[in-house]
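With the hints as extra help, turn the sequences into a complete structure.
Quick note on this note's numbering: the sequence shown kicks off at -4 and runs consecutively.
Hints in this document: simulated from the structure, not taken from any laboratory. Don't be surprised by glycine CBs; every beta carbon is placed ideally from N, CA and C. Be aware that a few hints might be false.
Label pairs and their computed distance ranges (CB to CB) [unchecked claim]:
hint : residue 1 : residue 2 : range
1    : Gly174    : Gly58     : 22 to 30 Å
2    : Asp56     : Glu131    : 18 to 26 Å
3    : Ser39     : Lys190    : 35 to 43 Å
4    : Ser175    : Arg46     : 37 to 45 Å
5    : Ser39     : Ser155    : 31 to 39 Å
6    : Lys188    : Tyr154    : 31 to 39 Å
7    : Ser175    : Gln63     : 25 to 33 Å
8    : Ser158    : Lys75     : 19 to 27 Å
9    : Val168    : His84     : 20 to 28 Å
10   : Ala74     : Met139    : 26 to 34 Å
11   : Gly174    : Asn142    : 18 to 26 Å
12   : Lys188    : Ser163    : 16 to 24 Å
13   : Glu118    : Asp56     : 33 to 41 Å
14   : Gly66     : Ser175    : 23 to 31 Å
Calculated pairs, DSS-like style, for lysine-lysine (alpha carbon to alpha carbon, straight line, at most 27 Å) [as the list claims (entries may be wrong)]:
hint : residue 1 : residue 2
15   : Lys40     : Lys75
16   : Lys150    : Lys23
17   : Lys(-2)   : Lys190
18   : Lys180    : Lys95
19   : Lys23     : Lys95
20   : Lys188    : Lys161
21   : Lys180    : Lys161
22   : Lys(-2)   : Lys161
23   : Lys(-2)   : Lys33
24   : Lys95     : Lys190
25   : Lys180    : Lys190
26   : Lys190    : Lys23
27   : Lys95     : Lys(-2)
28   : Lys150    : Lys161
29   : Lys(-2)   : Lys75
30   : Lys161    : Lys190
31   : Lys75     : Lys37
32   : Lys33     : Lys75
33   : Lys180    : Lys23
34   : Lys33     : Lys95
35   : Lys(-2)   : Lys188
36   : Lys95     : Lys40
37   : Lys75     : Lys161
38   : Lys150    : Lys(-2)
39   : Lys37     : Lys(-2)
40   : Lys37     : Lys95
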Amino acid sequence: MPKVIGLTGGIATGKSTVAELLEIHGFKIVDADIASRKAVEKGSKGLEQVREVFGDEAINDQGEMDRQYVGNIVFTDDAKRLQLNQIIHPIVREIMDDEKDALLEQGHDVVMDIPLLFENGLEDTVDETWLVYASESIQVDRLMQRNDLSMEDAKARVYSQISIDKKSRMADVVIENLGSLLELKQNLEAVLKEKGYLEEQNETE
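Structural data, given as structure tokens:
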């Protein structure tokens, strides 16, 4: 029977890398970030709702949502973040559920790649929750390097989510990403072997 795994983490913990590795191992990925972009794509009802809440400045010259402009607002304004979530989340849920159901019907194990899985209380929508873990100090360092942020801005983004340590206690499986890519691959493969996936995937290759 195919399983639905909820993959999550914290900002800059390496969740996207783990999703790519799982795809290599044969899992099908349903990505919340891709669904959220579809939810506010050019000409969509979601985008028009964003304009109503955030103003014309929230729409760039290409007629798409200015993600950086909106992101800067919602990382510092809880009320605006809640309004954005109320627009996007129902649309994203519908898009992701449709993708998931189609893949399950085809007999695939499905990974729901959801950054805010715990924040949005979606644990009950999946069979298991897998968390990619890096310490908060590593998160801040990676964010500063990756997004060219000040320490203050990086910390604000990390602290806008449930702490990674609390999430790790909530998750069914924790995949550590504290060092190199090779170590991450080894940690993930250990989980897949323990869960009985790696042998299954290898047999089908």
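A quick look at each hint next to the structure:
The beta-carbon spacing between Gly174 and Gly58, approximately 43 Å, falls outside the hinted interval of 22 to 30 Å. Remark: the range hint 18 to 26 Å for Asp56 to Glu131 is contradicted by a beta-carbon distance near 37 Å. Range check, Ser39 to Lys190: Cβ separation about 38 Å, and the 35 to 43 Å hint holds. The hinted range of 37 to 45 Å is satisfied by Ser175 and Arg46, whose Cβ atoms lie roughly 44 Å apart.
The given range of 31 to 39 Å is broken by Ser39 and Ser155, whose C-beta atoms sit roughly 25 Å from each other. For Lys188 paired with Tyr154, a C-beta distance near 35 Å keeps the hint of 31 to 39 Å intact. In this structure the supplied range 25 to 33 Å holds for Ser175 paired with Gln63, their Cβ-Cβ distance being about 30 Å. The given range of 19 to 27 Å is respected by Ser158 and Lys75, whose C-beta atoms sit roughly 22 Å from each other.
The beta-carbon spacing between Val168 and His84, approximately 24 Å, falls within the hinted interval of 20 to 28 Å. Distance hint check for Ala74 and Met139: the Cβ-Cβ separation is about 27 Å, which falls inside the suggested range of 26 to 34 Å. Against the hinted window of 18 to 26 Å, the Cβ-Cβ separation of Gly174 and Asn142 comes to about 21 Å, which satisfies the hint. Take Lys188 and Ser163: their Cβ atoms lie about 21 Å apart, and the range 16 to 24 Å holds.
Distance hint for Glu118 and Asp56: a CB-CB separation of about 40 Å, consistent with the stated range 33 to 41 Å. Judged by the Cβ atoms, the range 23 to 31 Å given for Gly66 and Ser175 holds: they are separated by roughly 29 Å. Pair hint Lys40 plus Lys75 holds up; C-alpha atoms about 18 Å apart against a cutoff of 27 Å. With a C-alpha separation of about 32 Å, the suggested pairing of Lys150 with Lys23 is violated against the 27 Å cut-off.
A hinted pair counts as satisfied when its Cα atoms are at most 27 Å apart, and Lys(-2) with Lys190 qualifies at roughly 11 Å. Of the pairs offered as hints, the one joining Lys180 and Lys95 holds, with about 25 Å between alpha carbons and a cut-off of 27 Å not exceeded. Simply put, Lys23 and Lys95 have alpha-carbon atoms about 9 Å apart, close enough for the 27 Å limit, and the pair holds. For the proposed pair Lys188 and Lys161, the alpha carbon gap of about 26 Å is at most 27 Å, so the pair holds.
At roughly 24 Å between alpha-carbon atoms, Lys180 and Lys161 fall within 27 Å of each other, so this suggested pair holds. Only pairs whose Cα atoms come within 27 Å are accepted, and Lys(-2) paired with Lys161 is accepted, the gap being roughly 25 Å. The suggested pairing of Lys(-2) with Lys33 holds, with an alpha-carbon distance near 25 Å, which does not exceed 27 Å. As the CA atoms of Lys95 and Lys190 are separated by approximately 21 Å, the hinted pair is consistent with the 27 Å bound.
For the hint pairing Lys180 with Lys190, the CA-to-CA distance comes to about 15 Å; that is within 27 Å, so the pair holds. Distance hint between Lys190 and Lys23 is fulfilled; the C-alpha atoms sit about 17 Å from each other, no more than 27 Å. For the hint linking Lys95 to Lys(-2), the alpha-carbon distance of about 10 Å falls within 27 Å, and the restraint holds. For a cut-off of 27 Å, the pair hint linking Lys150 to Lys161 stands: about 17 Å separates their Cα positions.
A distance of roughly 35 Å separates the Cα atoms of Lys(-2) and Lys75; the hinted pair therefore is violated under the 27 Å criterion. Taking the CA atoms of Lys161 and Lys190, the gap is near 23 Å; set against the 27 Å cutoff, the hint holds. Straight-line distance between C-alpha atoms of Lys75 and Lys37 comes to about 21 Å, which keeps the hinted pair within the 27 Å bound. Distance hint between Lys33 and Lys75 is fulfilled; the C-alpha atoms sit about 20 Å from each other, no more than 27 Å.
Note on Lys180 and Lys23: the hinted pairing holds, with a Cα-Cα distance of about 18 Å set against a maximum of 27 Å. Proximity of Lys33 to Lys95 is assessed by CA-CA distance (about 16 Å); at most 27 Å being required, the pair is judged to hold. Straight-line distance between C-alpha atoms of Lys(-2) and Lys188 comes to about 16 Å, which keeps the hinted pair within the 27 Å bound. Taken as a hint, the Lys95 and Lys40 pair is honoured in the structure, with Cα atoms around 23 Å apart against an allowance of 27 Å.
The suggested pairing of Lys75 with Lys161 holds, with an alpha-carbon distance near 25 Å, which does not exceed 27 Å. Straight-line distance between C-alpha atoms of Lys150 and Lys(-2) comes to about 35 Å, which puts the hinted pair past the 27 Å bound. Between Lys37 and Lys(-2), the direct Cα distance comes to roughly 34 Å. Violation of the 27 Å bound is thereby established for this hinted pair. Annotation: proposed proximity of Lys37 to Lys95 holds, straight-line Cα distance about 24 Å (limit 27 Å).
Comparing the model with each earlier hint shows violations of hints 1, 2, 5, 16, 29, 38 and 39; every other hint is respected.
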